[in-house]
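Engineer: Please build the complete structure, drawing on both the sequences and the hints.
Protein sequences appear in the order of chains L and X.
The first sequence maps to residues 1157 to 1414 in this note's numbering.
The second sequence maps to residues 1157 to 1414 in this note's numbering.
Careful: at least some of the hints might be erroneous.
A pair holds if it fits inside one copy or across any two, identical chains being indistinguishable in the list.
Taking lysine-lysine pairs in the BS3-like style, the calculated list, with each CA pair at most 30 Å apart, reads [what the hints assert, rightly or not]:
1) Lys1259 with Lys1222
2) Lys1406 with Lys1280
3) Lys1389 with Lys1330
4) Lys1333 with Lys1389
5) Lys1185 with Lys1330
6) Lys1399 with Lys1333
7) Lys1357 with Lys1389
8) Lys1333 with Lys1280
9) Lys1279 with Lys1243
10) Lys1357 with Lys1406
11) Lys1330 with Lys1280
12) Lys1259 with Lys1357
13) Lys1406 with Lys1333
14) Lys1330 with Lys1176
For the record, the hints were derived by calculation from the structure and aren't laboratory data.
Number of protein chains: 2
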Amino acid sequence: MKKLIPVFLALAGAFSVQAKIVTQTIEYKQGDVTLEGFLAYDDATSAARPGVLVVHQWLGLTDYEKHRAEQLASLGYVAFCADIYGKGIRPQNTTEAGVEATKYKTDRTLLRTRVNAGLDVLKKNKLVDTRRVAAIGYCFGGTTVIELARSGAELNGVVSFHGGLDSPTPADGKNIKCKVLACHGADDPSETPADLAAFEKELRDARVDWRLIKYGGAVHSFTQPMAGNDNSKGAAYNERADKRSWADMKQFFAEIFQ
Amino acid sequence: MKKLIPVFLALAGAFSVQAKIVTQTIEYKQGDVTLEGFLAYDDATSAARPGVLVVHQWLGLTDYEKHRAEQLASLGYVAFCADIYGKGIRPQNTTEAGVEATKYKTDRTLLRTRVNAGLDVLKKNKLVDTRRVAAIGYCFGGTTVIELARSGAELNGVVSFHGGLDSPTPADGKNIKCKVLACHGADDPSETPADLAAFEKELRDARVDWRLIKYGGAVHSFTQPMAGNDNSKGAAYNERADKRSWADMKQFFAEIFQ
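Structural biologist: Written as C-alpha cells, this is what we have:
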C-alpha cells in the first residue's frame, strides 16, 4: 500500500478538507487466470461512495490509468483499474499491444468476462455504494466498457474515451441497461463514418440512453500525453479535448450518481 | 419595464442571495427597419458581466426566448433576445413562420446583418463586459448564431440548439473567430448525415475550435415543450436532452468566460 502526498479538495467552492489518496495493488481471478488491478480511494472518510471502474488502453494497465484512478479518488470516488490481459502481461511496444488487444477484440465473450471480473472486485469493495457504479475506458478500454454495457452488466453508466465503437454483434445493444457517453475525436481516423453510424444505429434500435460528443481537432488518443502532438499520425494528445472530455465525464457522473 | 417575483440563486452551493430579474422591451434599428428585442438581467449588482445574445426560432421572438433570457439572467448574465424579423412580425402559424424563415435562410447576408444589429445592442449595454460575449439560438436561431460566427463577429462563442447547420458558402467558415458548440438531436430528420458531414468539414477545414453533441433519442425542437412529445413527427420536446444541453451550454460558458 502506498500513501500519496496529501492533496486538497475544494468542496462546494467554500472550504477545503485534507484528503489522503490511498492506493493498493489487488490480485484477483477470472477462472484460472490471475489478474492484477489497482485501487484508489480517499481515506478521509469511510462513507460509502460511487465506484468507477477504469479500463486500460492497449498497452495494458500502466501508470496512465493509475493516475486517472487517483484523479477519480480525488473527486470522491472509489476507483479500480481492471486488468484485462493478466498479471505480468504488460506489452512493451505497439506490436505486442496489438497482439494482446486483438485477442480480446476478436473474442468479445472473453473480453466481457474479463471486464466483469474487474467490476465484481469494485462492487465488492465495502466503500462502494453498489447502487452508484460506472465504468470508463481509454481506446481499447473504451471498447471494453461498451462491451461491459453490452454484456448486460448492472451499472449506471459507461464512458468511452476514443474507444473503438464497432460491434460484431450489434443486436447485443438490447442488453444495455446503463447510460452511455462516447467521447470521440472528430478527426480520429480509426473510426470510419460507417463505424459511427453503426454504433448510433445499434443504440438507437435498442432505445439506449446515449450521447456522443465529437471534439473538433482531436484525433485518436486525445487524452494521452504519451501519444505526442502530431495529429498527422492519427493519434495525438489534445489538451483541450482532454480537459473538455474530463469535464463532460464529471457532468455525466453528476447526472447518473444523483 | 416589468419586475418579476424575486427568486433565489444558489451561489457556490454555500449561500443564497436575493435577485431581481429585470426585463425590458427594447426597440432598435437595422437600416430603416425597426426591430423589437427583449433584455433581461439581475439588478442585485451593477457589476459588468458576460452578455448572451438569444436568437429565436422560426416563429419569431416569443415568450419561449424571453423565458430563456430570464433563465440566463438568473445565471448571472445579461441576456438580450434579438429580433430578426422586425417589430410586429410574429408569425401565427407554421406556414407564416416558413415564409419568414425562408427569407433569411435564402439571404444569409441579410441574416448576418440582422443578427449583428442585435449583437451591437447587447454589447452597448453598460452592464456587459464586452470581452465576454456569446450567442445562443434555437432551430432557425441556431442557424443564425452559426451565421453570426461566419460573419466574423467578435464574440467568445456560439451555441446552436437543434439549428440547421448547412451553409451555402462553406468557405466562410474561415471567418469564424469564436468557439462553436452544436447541440444536436441524434434523430433529428431535418439534418441529413451529409449536412452534418458538411458542417464538420467546414469547421475542420477552417481550423475552428468546435464540438458537436448528439443526444440519443432526441429529434428536432428537443428543447421546446410546445413541440409536443411525438418523436414520429420529427420535432418533439425531450426533457432529458433539454436539461443536458442546457448543462452543456453552462459548461461551455464556464470555459469561454474564464
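Engineer: Out of the numbered hints, which ones does the structure contradict?
Structural biologist: 14
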